[in-house]
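Protein chains in written order, with my numbering: chain A, 818 to 901; chain B, 122 to 374; chain C, 3 to 88.
Treat the hints as calculated values from the structure; they're not laboratory data. Some clues are possibly wrong.
List of simulated lysine-lysine pairs, BS3-like, C-alpha gap at most 25 Å [as the list claims (entries may be wrong)]:
hint : chain 1 : residue 1 : chain 2 : residue 2
1    : B       : 169       : B       : 183
2    : B       : 167       : B       : 183
3    : B       : 233       : B       : 331
4    : C       : 49        : A       : 868
5    : B       : 291       : B       : 183
6    : B       : 336       : B       : 371
7    : B       : 371       : B       : 158
8    : C       : 49        : A       : 866
9    : B       : 291       : B       : 233
10   : C       : 37        : A       : 881
11   : C       : 37        : C       : 49
12   : B       : 331       : B       : 291
13   : A       : 868       : B       : 233
14   : B       : 336       : B       : 320
15   : A       : 866       : C       : 37
16   : B       : 233       : B       : 167
17   : B       : 320       : B       : 331
18   : A       : 866       : B       : 320
19   : C       : 37        : B       : 183
20   : B       : 291       : B       : 320
21   : B       : 158       : B       : 169
Okay, here's what each chain looks like letter by letter:
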Amino acid sequence: MTLYYFHLRDGEDILLDPEGRDLGSMEAIREATLREARSIISSDSLEGKVKLSYRLDVEDESGKVVHRLQFEDAVSLQRGRVPE
Amino acid sequence: MRNPLRLKLEQYAGFEEREGRRLDELVAQRTQVFAPKQDILTEGEKVKEIHIVLSGLAARYKLLDEGERQIMAFLIPGDICDLEVFVLEEMDHGISAMTETVCAVVPAETIKGLLTEMSCLTQALWWSTMTDSAVLRERIIDHGRRDARERIAHLFYELLVRYRIIDEAKDNSIPFPLTQEELADSTGLTPVHVNRTLKQLREDRLIELKGRVLKVLDPQGLRRAARFNPNYLHLRKAEEGLRGEADRVKDLV
Amino acid sequence: MPHFFFDLHNGLGLVSNEEGRELPDLETARREAIKGIRSIISAEVEKGELDLTGRLVVRDGDGAETLVIPFHESLTIVGRWTAPAA
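Chain A on its own, in the form it takes in the complex (with noise of 0.2 Å):
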């Protein structure tokens, strides 16, 4: 079994993860990271308040980061107008 923490970054603030999961691939990690992310985006939207400064860093065991993302890479974001 192979655990993996998944730390949230705020400027100066971490949140870190008390349990690590247990994740088999490098795409896995890629994905669970992107849903958290967006999972997090998403409640934050119904609030009206989104933080795209957050950013997941990945940890294996020895407290090497494997991923990281930033939250405004998790989403593609558009602004400007729609025309008229």
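Chains B and C: place on chain A using the hints.
Structure of chains B and C alone, referenced to chain A:
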């Protein structure tokens, strides 16, 4: 130790002492211990015996396409796992022990015999089944209506009410042996999201979660955070302000 | 109670609301519109889209445009943070 099944059913029906004792005998006959993660019942299994949770925590679940587990509901002491055996041939979902769980195992025939003897038991069991369905429907409402904070607050508050019914919520503290991953599976969220939401609920001084115990510091505050409406639990006696059994949950509903 | 119609203009085009809703006043209509926009955005984010280019137009009982709420005004977004090199 008092019979949790009796404590739960008392919320609906009043039992005479003789009937109460029959219920006590029912759960004392034969028990089975399930280890954490062990299936109590498997999806597709044909059921001939009723399982009643006496201690521990179990969950109804379905396996999704990619092997992901969706937890649909939790079963605490007093809850009956498989009353539907009377109507359906086989289980349409699985039931797994989340922590070490002891169940009373009662042959379907014994229950049938009891039902003909005690008509109030029939009504109480019927109510129990309907309430179980209502608990499941609340999970459906989660999707698209409740944000993360509301979902978790709602689950916690509902568990508090249910543990109060069986008199296992001293100081508003209830057993909580779930991992964040399991909590995520049961609320349609993800583990980091759960982690963040728990942090918010702690910072708002609504809950304390240490070891495997959840303590509700501010029941009214948690209820507001959940926008909890207790009607789906059909706690008739508490609503009508009847004495005795109802006092256990009156302040919460 | 006054009647309001809610028209959604977004990347997928215009979804016009034939029936509308009865609401106590314009302020309530505005709040409901914002709730609706947030709900749509929330659902789209699950699929990886954060489309703020839309707008919701509130029309009164006579069909006249009364209120326009751009999506980007329905929520606040805190942007990119750059960390010092680890």
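_Violating hint indices (sorted, rising)_ = Hints 3, 5, 7, 9, 10, 13 and 19 not satisfied by this model.
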